[in-house]
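**Student:** Based on the provided sequences and hints, a complete structural model is requested.
There are 2 protein chains.
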Amino acid sequence: MNQDYIKPDAWSIVEEGFDKERIKSSESLFSIGNGAMGQRANFEENYSGGTFQGSYIAGVYYPDKTRVGWWKNGYPEYFAKVLNAPNWIGIEVVINGKQLDLNTCTSVQDFRRELNMKEGWYKRSFSAEMPSGEQISVVATRFLSLDLDELGAIKYEVTAINQDIEVTFRPYLDSGITNEDSNWDDKFWNTTAVSMDKDQGFIEAHTMKTEFATCTYMQTMVAYNGKAVISNSGNKTENLVSLAYDQQVSKGSSISLTKFGGYTVSRNHGKSELVATAKSILDKAMQIGFDGLLEKQKDAWAKIWKMSDITIAGDVKAQQGIRFNIFQLNQTYLGKDSRLNIGPKGFTGEKYGGSTYWDTEAYCLPFYMATKNQEVAWSLLEYRYHHLEKAIENAEKLGFSNGAALYPMVTMNGEECHNEWEITFEEIHRNGAIAFAIFNYHRYTGDYSYIPKMGLEVLIGIARFWHQRVNYSVDKEQYVMLGVTGPNEYENNVNNNWYTNYLAKWCIDYALEQLEVVKNHYPEDYLRIMTKTQLEDPETSDWAKVAGSMYFPFSDKHGVYLQQDGFLDKEMIKVPDLDKSERPINQKWSWDRILRSPYIKQADVLQGFYFFEDHFSNEALAKHFDFYEPFTVHESSLSPCVHSIQAAKLGRMEQAYTFYLRTSRLDLDDYNKEVEEGLHITSMAGTWMSIVEGFGGMRVAEDMLNFSPQIPTQWNSYTFRVNFRNQIVTITVTEETSSFEISEGEPLTIKVNGKNVVLVPGKTIEA
Amino acid sequence: MNQDYIKPDAWSIVEEGFDKERIKSSESLFSIGNGAMGQRANFEENYSGGTFQGSYIAGVYYPDKTRVGWWKNGYPEYFAKVLNAPNWIGIEVVINGKQLDLNTCTSVQDFRRELNMKEGWYKRSFSAEMPSGEQISVVATRFLSLDLDELGAIKYEVTAINQDIEVTFRPYLDSGITNEDSNWDDKFWNTTAVSMDKDQGFIEAHTMKTEFATCTYMQTMVAYNGKAVISNSGNKTENLVSLAYDQQVSKGSSISLTKFGGYTVSRNHGKSELVATAKSILDKAMQIGFDGLLEKQKDAWAKIWKMSDITIAGDVKAQQGIRFNIFQLNQTYLGKDSRLNIGPKGFTGEKYGGSTYWDTEAYCLPFYMATKNQEVAWSLLEYRYHHLEKAIENAEKLGFSNGAALYPMVTMNGEECHNEWEITFEEIHRNGAIAFAIFNYHRYTGDYSYIPKMGLEVLIGIARFWHQRVNYSVDKEQYVMLGVTGPNEYENNVNNNWYTNYLAKWCIDYALEQLEVVKNHYPEDYLRIMTKTQLEDPETSDWAKVAGSMYFPFSDKHGVYLQQDGFLDKEMIKVPDLDKSERPINQKWSWDRILRSPYIKQADVLQGFYFFEDHFSNEALAKHFDFYEPFTVHESSLSPCVHSIQAAKLGRMEQAYTFYLRTSRLDLDDYNKEVEEGLHITSMAGTWMSIVEGFGGMRVAEDMLNFSPQIPTQWNSYTFRVNFRNQIVTITVTEETSSFEISEGEPLTIKVNGKNVVLVPGKTIEA
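Sequence lines, in order, name chains D and L.
Heads up: the first sequence runs through residues 1 to 767, numbered per full-length UniProt numbering.
Heads up: the second sequence runs through residues 1 to 767, numbered per full-length UniProt numbering.
Treat the hints with care, since some could be wrong.
It does not matter which identical chain is used: a pair holds within one copy or between any two.
[Said to hold, decoys possible] Within a straight-line C-alpha distance of at most 25 Å, the following computed DMTMM-like cross-link-like pairs (lysine to aspartate or glutamate) qualify:
no.: 1; residue 1: K574; residue 2: D542
no.: 2; residue 1: K72; residue 2: D181
no.: 3; residue 1: K673; residue 2: E77
no.: 4; residue 1: K65; residue 2: E77
no.: 5; residue 1: K574; residue 2: E477
no.: 6; residue 1: K397; residue 2: E674
no.: 7; residue 1: K72; residue 2: E677
no.: 8; residue 1: K574; residue 2: D475
No lab work stands behind these hints: they were computed from the structure.
**Tutor:** Below, the structure written as structure tokens:
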């Protein structure tokens, strides 16, 4: 554990004390977002010390060009980058003619940050002494509105402590910003207009290449002693617009600036409407006012927590950790816009380009299914349906034909935008996760309608891909799949990765099954899809042949499926026997050494056992878990959750809890010394799964919710809520018992430890 | 075949006719070099059309920074680039005040280039009409002196055809040059001084980062009607120095400019001595004169040809092709400087960075051993000995220890400078080629002295590497080598590449043998080496254990060694059954598809059968040849030669000749449509091997030269010469017979078709 400066608190993230070394880490941890935009917790006032500036607009990216040693056919020409957007939060604060800058103040006292997760706001307060002796205190409160999701609000209050002072506020917008991560230091933004209108300012700028047009806007009000302070000047340059407010502030008195700001974007509005739309948002904001907006913010977050909160009694750090994870997932994605998805770092940094990975389907979907209405999960599925044509193009670039679809490893708009052959071309299991998500959605929601409407076409494209991707081995007399990278990215270009082979077979079987269902029950959809895809019988029989004769590497000696061909040739030294100085191996070893080692970055065979739990006995799970876990270094934040769930299933609660701890406070405690780059958003969903599916044992089987609750000995009790088919089920687990309740609606039959239990509204049932 | 504009000629490369589309190709084909520097056949006068400017100084490079998607530990920070050096050949030619520029002339007639390989010069001649109507003819002759290898010479003659004209010559030096291949458009050269002195000009410039200091220099003389024309002005700018000569030239008369120029470099002289050295070279040149230097050039090339010429009767294109190959190899490397080596493109382009690859040991060494004195081959070996420390460092970066050495895949100074993990970290067979070269040198020259002096240390470092690189497979109960790339780069990260495993075993065995020999016969060297390397017995026993129990993949069904584990799982469609539109696969297929295909880029298992011919029966060779060749696409220019030699050995002369043709005129006929990027220098040595080792059947065995000559039916006869232990042996093969002679020295016993034959000077023996 590398830091423990975050104060334990059930509902808030709190930092106390000013430490310049922590600025970038706290900028990540105190990030705010509303699904449509987000930003790092940069200071409003100037700061001359080290900082990582970031404000991000969902879906606005830049295709940065790339270059590699030897270009490979099929590589995309670019790597999509999430863009640091124009700064709208900036407020120059000038005390007696000198800039307030915490980096140069003589002293900074009572520095405190709070990210209030219950209500969805971020507050920073401090006292500071200027080099020229003036003492002031500041309270700055900020939030991004869930209600008006193109709007953010700031209240910035300055109090004169030891003398009368002249305060000048210069709130500004700035489009002269850059990305930390840029390959060629290209200019990403082009500013086309800078304007102001009384207390309002506007910058129109568009991204280069992608041509996303944006209006960054602001309106400010300053009040002193109950009276408005009038802006006395404004300033415009090529990339900047600022207003200025001067006021003498008496010792002991406070002056307050309220700033509304944000972005309107051509993704959502006509390009010529951006300024007008911004003005109408500002009108609404002015009508409602800062306090009114804050009230709405609290209500909106109350609704979110009502469906998704997890409480843990007896362990405040665990409580804080899980709420932080749930909070951040909700800040990142709310499912309102099916063109958006969940970037691994959300709106908290630039790394991973803000793009979509298989993380969404494999890890995030269960969280959103269980804590939102089903429309949100539908949106996530629809996102991939909209990208089906691009996935077919992507497969064509790699030599596939006839409508075979390969979804990209990393994408912003459906096109592949990553270029390392061993990942881009070979980590094809992502295709299977997308098919599995369709199955999972139907299993959880009971809603079959997605499949005839959209899903079946996706399943056909994916089945076609697998059918073309395998080949028949005369030597093995079975179908094999050569040259892939599995979820364990510490192996590249292996043959017969068990997980990928298993997924491929399952995808084909599932597609064939759904073809039958749709044919029999949705004949019109079937006809439309058959016409569109030109799928005919000889092809599906060929699919079936492949699925029926797929090769799975297996060791008779060990009684386990092998991660891939040749796995047993490795030097099988278990992780605990590896010198600690060698770890993490991805920082200590060259790539070839990692590849030839037995070490597993994240669950691979076990990922398959997680997805297809019903296909394997508990004995088989135990055998595979005991074989593979000792070689697993969990150097992906997505690894421990699967192991936690499986350890819980095997009744190994101590081990399950140990795995749970590895992700629940990964960012808060900065295990990997990299939190300053941003938060691990997608792995946060894994933490949620560890509790709900792991400790709570929640499954959906036979169209019913199932639970087999356990509790870590470190906890007194825990409670979680899930939305199952429009009923909110609350589950409370203590050492002694588990209790279940629903708040309204029809009676709901669930299974607890294999036995049916009928829940009726308002009644808590112990089971 | 893509071009046939090169006229067949036994001793010259000739182009006739002006075609702007061919400029870049001809710039490559007519390149000149003298081992110390080289240049593309760029025009002296201005040319505003498409051109690829290149003048290169041996050993002068730039470490261009690189960036890749995901950096891997152990990657070098840079990729070495051969540098386009300052231009010393430039001559502005001004006719009646207007620049001569063939791109804008009204007509260009009688355009002719000749690269005279026998005498080592390049001549260009043409008549042109200026847009303003003046008609002139030009003859420009150029060579880089073998005698004074820092010097080049140009004679540039202009004749007035249809009217009196005013000719202005402005010879210049220009250091404001760039590389075509630059990752970040960095500036590679920094000019520090520009000076002139009467008819001389000097530019001092050094490379960025590597700080190679150079003086580019020139001296010019202009003569008209037997009288010197005096320079009337000069001009200096930041990166340029030029002189100017004005002269009225009468219709029918000629004016001639002689320009001497070149580079002095801090690799060879003190930094403060560069200008003075240049002046003293110019003094020598002026004393000898252009014609005198040209005579010396002819003599020097006559000496080279005396030892290395191959004549082919009855096929002028074949004759031209083989001489072109021998000529270019000699232009690239002459073995005078053991800090230099043979870049795959020599001095003819920028691609492959001018760096050293395993091509040198595997393909070029046999050529240089047989056509030079043995000091040249010694220099090539010494080059690697000087890099041993760097090879040990390189291995340490990849986690090896205790003096294990991994030579770089690509290098300028011993450091690795390529960063693709599958090549840099995994194409480790290069280490074996370097050990094999030591064996090969001793076998051919009979000179053991390199081994105790230098070679044994190299062999120890290499043996240590292999010993550490393998691991014991409990499953196979043998040593395995996981995660390598063999010579067939169309497979990456495979397990148990047969060639690499075989080389590793052989390297260890050979090192152990040489340890014994040195111990017994060179006790002082042995003591020194043991002290330096700290090699002790338990370690060598461990080596022996590995060599004695190495795993080699073998197919009982096919009776062949497998290229790697799992090779038989591929879809085994032979190359002739592959649709032509799919080829070359490296241009048509994405990398993953290439990798999972059975297609072989260049000899892999067969490369091993070539190196270790004695270890396998002819039957085994035939079996492996017949198994692998049908899957070989020969998309490396290094592939056909090995197959040609082996086909000849199997008595399949038609097939051998077909393979031979694929490389002998690879560049002249531009098979791969890329000759404009430069020539394939290292594969030219393979062409030489195809004749000498393939058709001539030359081997060294039992300390004797062996021949088993055959002749392609397309030829009447062929003759080649080799220097075997300081005796020049001339071999002439006709359809009916083979004859052998030596010119001087002691009688020499050779074997022809297995029978001893004694050669005595001056007597031609038929056998």
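**Student:** A separate judgement is required for each hint: does it hold in the structure or not?
**Tutor:** Hint by hint, here is what the structure shows:
Within a single copy, K574 and D542 get their C-alpha atoms only as close as 42 Å, which misses the 25 Å cut-off; across copies the closest is 23 Å, which meets it. For the identical chains of this complex, K72 and D181 are neighbours both inside a copy (23 Å) and across copies (18 Å), given an alpha-carbon limit of 25 Å. Taking the closest pair of Cα atoms, K673 and E77 come within 25 Å of each other only across two copies (24 Å); inside a single copy the shortest separation is 32 Å, beyond that limit. In this homomeric assembly, K65 and E77 come within 25 Å of each other (Cα to Cα) both inside a single copy, at 6 Å, and across copies, at 20 Å.
Proximity of K574 to E477 under the C-alpha cut-off of 25 Å is restricted to the inter-copy arrangement: shortest distance 19 Å between copies versus 34 Å within a copy. In this assembly of identical chains, the alpha carbons of K397 and E674 lie at most 25 Å apart only when taken from different copies (24 Å versus 36 Å within one copy). For a Cα distance limit of 25 Å, the shortest separation of K72 from E677 across copies, 19 Å, qualifies, whereas the shortest one inside one copy, 30 Å, does not. In this assembly of identical chains, the alpha carbons of K574 and D475 lie at most 25 Å apart only when taken from different copies (16 Å versus 33 Å within one copy).
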